[in-house]
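S.K.: Sequence:
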Amino acid sequence: MLKLGRCLLPARQGHIRPHLRFLASLPVGPDRLLPATSLTSTTPEVAVVRRPVPHPDYDYSPKSVWSMIQASPARCPDRLALGIKRDGAWVTWTYKQYLEEITTVAKAFIKLGLKPHHGVCIMGFNSPEWFISDIAAIVAGGLATGIYTTNSPSAVEYVARHCRANILVVADQEQLAKVLEVREGLPELTAIVQYDGKVTEPGVLSWADLLQLGRQQAEEELQDRLRNQAVNQACMVVYTSGTTGNPKGAMISQDNLTWTCEIAKQQYGWQEDQEESVTYLPLSHIAGNVIDIFIPYLAGGTVWFADKDALKGSLVNTLIEVRPTRFLGVPRVWEKIQEKLLEVGSKNTGLKKVVATWAKAASFEHHEDQMAGRPGNSWKYRLAKKVILTRVHAALGLERAARGGSLGGVYSSAAPLSVQTFQYFQALDLFVLEFLGSTETSGPMTACFPGTGTKQGSVGRGYPQFETAILAPQGEEGEIATRGRNCCMGYLWDEEKTRELIDAEGWLHSGDLGRMDQDGFFYITGRMKEIIITAGGENIAPVPIEDNIKADPGIGEVVSHAMVVGDARKHLAVILTLKSLIDENGQPLEELVPEVRVWLRKMGSTACTTREIMQEDGPGIHPMVQAAITEALHRVNALSVSKATRIHKFLLLPVDFSIGGGELTPTMKMRRHAIVKKYAKEVEDMYTSQYNNDGLYTSITV
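According to the working numbering, the stretch in the sequence shown is residues 391 to 1092, in order.
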């Protein structure tokens, strides 16, 4: 039995739909709680029990999305809310205009056939229209659902069918073509809206058409939709990246969303009507959706839109122009910035190099002191910051974000940041705060904060407003789990997976393996489903081994991806890729980045591509390159906790992993099963012989 407030409820019961007469007697929405008998639901109409809050100061009254979005327009109607550059000039929305357009689009969605608890799918790069459609879908009683722009037509069809999409909002002709290809397989679809470019397809509405339609509608139907909403019903479906099959749709309730945004705003000290941020990460992901759309709205912040080439190199241009107070990057983004800075820094010589080295050492020491609880802030650090480090921040457009404190911050999430990258930015006085989150927890689970709130390699402590713990630990390690009002309702239409996700006591199982130290800091050690079971029955978490490879002083700076394999094998091996240039579509080229080529010259190799490394000196890898990688893997093996966790062979691929190649998810996580399948022959050959025809792999004597 679970004790919830003053009543006792069964730990798990079947979903019971309350009698319609009883519903009619309840208070009208949208801020109400409907009666519920279960902590979970797999049907969007079925309400869930609101989870208790372990910290009484944060047991706020339920608040709907509609109520949440009224505050900032009322407080600061003329403050800039959104800005996007179009045809070379910034186009902006005030909070008053923002709310008006949300209401207009919500009325248009209803007129176009949006049924309560049915999907509005949005597919395109970040734009004001994406934000407005997302919020309008919720206000109109639907389910806001993002679809990754990299999805294939069949993947688009799966998500749209799964959430019963009535409306699809697409950016342009490229995304529209995917929808048209599968339109016959979407029986619930009633309308398609294209918000960018000229609309040429019959029956497709432009954004201007959508706004005109909404302005023609009376208020009554929208008000009726709002009266029938409740905060403990689903308002959003966020699909997982689908690393092991079809994505699962996590149902987020209005209470999940608004409560979590309020907590995150407080935890990170967002200052009302002062903050500015840049949006460029996929809004289909929970982090992009919550951090870019809803927290800034709640705080009265200004959101500037990077262009669609942000991850191809234009992001820094936007950062320099708008100079945000907050900046979030996934590890791969921080690594790319690091690579660029290392390239620039490699050209420093003489006194300039000596001064830069001195300044970085002073910054590194300052942050080491602060993490240890010492004051730091030495005269060397203050001088280095004034003369050198602030110039680096300004060159990146991050001088306001680098200040930290009550206004500003730089963050990393989606996957653990390597120690090497963390320390690199620590030396530049860009103290990157990591946090652990997931789709299923509406975003946050643990967080790092400045000074003693961070430990190197940790993803921080649990939030005080909900519970986070290590469940069923074996030794120090176990699964990280969370329980609180941030935890999702369950997976849409999937009872089995929902039962696996949320147990009878309300704990949400993250699937992350980790440990917690005596100070309450959590460390990620792997994924439950990423565990490799060798032929000898050893259970091995690959992530710590991969992190050690990328942190190695010999090869860490040149390795882009390291993926350990060895399921049902006698021993472990690793697939490696080297850092390479990317083309205008964000796809990796064979040509290696300058710092890798510099490294190769030190090895006596004249190669400019990985493939050339294989062809310089007969079959197999260039001997000095092979020796350098082998020596590095020996160093990694020396850190092993047992013989079973040692690497015996490596496979060097000619091209880096990518989203387009199918090896990475849209949030840049490795699709392990897809990689093993794609390179099955090469992996098999690696285990059965020394070299293949291209000499892509070699064994290691252990």
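In case anyone wonders, no lab produced these hints; they're calculated from the structure. Owing to the predicted nature of the structure, the values given are computational and were not obtained by experimental measurement. Each residue gets a CB set at the ideal place from its N, CA and C atoms; glycine is no exception. Certain hints may be false.
Said to hold, decoys possible - Calculated cross-link-like contacts (lysine to aspartate or glutamate; reagent style EDC-like; alpha-carbon spacing at most 20 Å):
id, residue 1, residue 2
1, K969, E733
2, K1071, D957
3, K992, E974
4, K992, D973
5, K475, D586
6, K486, E662
7, K501, E611
8, K743, D759
9, K969, E985
10, K743, E1021
11, K845, D759
12, K726, D697
13, K730, E1021
14, K698, E985
15, K845, E755
16, K453, E662
17, K737, E985
18, K726, E490
19, K726, E980
20, K588, E611
21, K726, E947
22, K845, E758
23, K453, D468
24, K992, D957
25, K453, E435
26, K726, E985
27, K702, E729
28, K730, E755
29, K775, E789
30, K919, E980
31, K1033, E1021
32, K702, E662
33, K505, E611
34, K588, E574
To be verified - With beta-carbon atoms standing in for the labels, derived distance ranges:
id, residue 1, residue 2, range
35, C466, L570, 16 to 22 Å
36, N767, A598, 50 to 56 Å
37, N636, L732, 37 to 43 Å
38, V481, T590, 21 to 27 Å
39, G910, E758, 19 to 25 Å
S.K.: Does each hint fit the structure? Answer for all of them.
M.R.: Hint check results:
no.: 1; hint: K969 x E733; verdict: 13 Å, holds
no.: 2; hint: K1071 x D957; verdict: 15 Å, holds
no.: 3; hint: K992 x E974; verdict: 30 Å, violated
no.: 4; hint: K992 x D973; verdict: 27 Å, violated
no.: 5; hint: K475 x D586; verdict: 13 Å, holds
no.: 6; hint: K486 x E662; verdict: 16 Å, holds
no.: 7; hint: K501 x E611; verdict: 9 Å, holds
no.: 8; hint: K743 x D759; verdict: 24 Å, violated
no.: 9; hint: K969 x E985; verdict: 9 Å, holds
no.: 10; hint: K743 x E1021; verdict: 29 Å, violated
no.: 11; hint: K845 x D759; verdict: 11 Å, holds
no.: 12; hint: K726 x D697; verdict: 17 Å, holds
no.: 13; hint: K730 x E1021; verdict: 27 Å, violated
no.: 14; hint: K698 x E985; verdict: 26 Å, violated
no.: 15; hint: K845 x E755; verdict: 14 Å, holds
no.: 16; hint: K453 x E662; verdict: 19 Å, holds
no.: 17; hint: K737 x E985; verdict: 11 Å, holds
no.: 18; hint: K726 x E490; verdict: 39 Å, violated
no.: 19; hint: K726 x E980; verdict: 17 Å, holds
no.: 20; hint: K588 x E611; verdict: 31 Å, violated
no.: 21; hint: K726 x E947; verdict: 11 Å, holds
no.: 22; hint: K845 x E758; verdict: 9 Å, holds
no.: 23; hint: K453 x D468; verdict: 24 Å, violated
no.: 24; hint: K992 x D957; verdict: 35 Å, violated
no.: 25; hint: K453 x E435; verdict: 18 Å, holds
no.: 26; hint: K726 x E985; verdict: 12 Å, holds
no.: 27; hint: K702 x E729; verdict: 13 Å, holds
no.: 28; hint: K730 x E755; verdict: 24 Å, violated
no.: 29; hint: K775 x E789; verdict: 11 Å, holds
no.: 30; hint: K919 x E980; verdict: 31 Å, violated
no.: 31; hint: K1033 x E1021; verdict: 17 Å, holds
no.: 32; hint: K702 x E662; verdict: 32 Å, violated
no.: 33; hint: K505 x E611; verdict: 12 Å, holds
no.: 34; hint: K588 x E574; verdict: 23 Å, violated
no.: 35; hint: C466 x L570: 16 to 22 Å; verdict: 41 Å, violated
no.: 36; hint: N767 x A598: 50 to 56 Å; verdict: 55 Å, holds
no.: 37; hint: N636 x L732: 37 to 43 Å; verdict: 40 Å, holds
no.: 38; hint: V481 x T590: 21 to 27 Å; verdict: 23 Å, holds
no.: 39; hint: G910 x E758: 19 to 25 Å; verdict: 20 Å, holds
The structure fails to meet hints 3, 4, 8, 10, 13, 14, 18, 20, 23, 24, 28, 30, 32, 34 and 35 from the earlier list, while all remaining hints are met.
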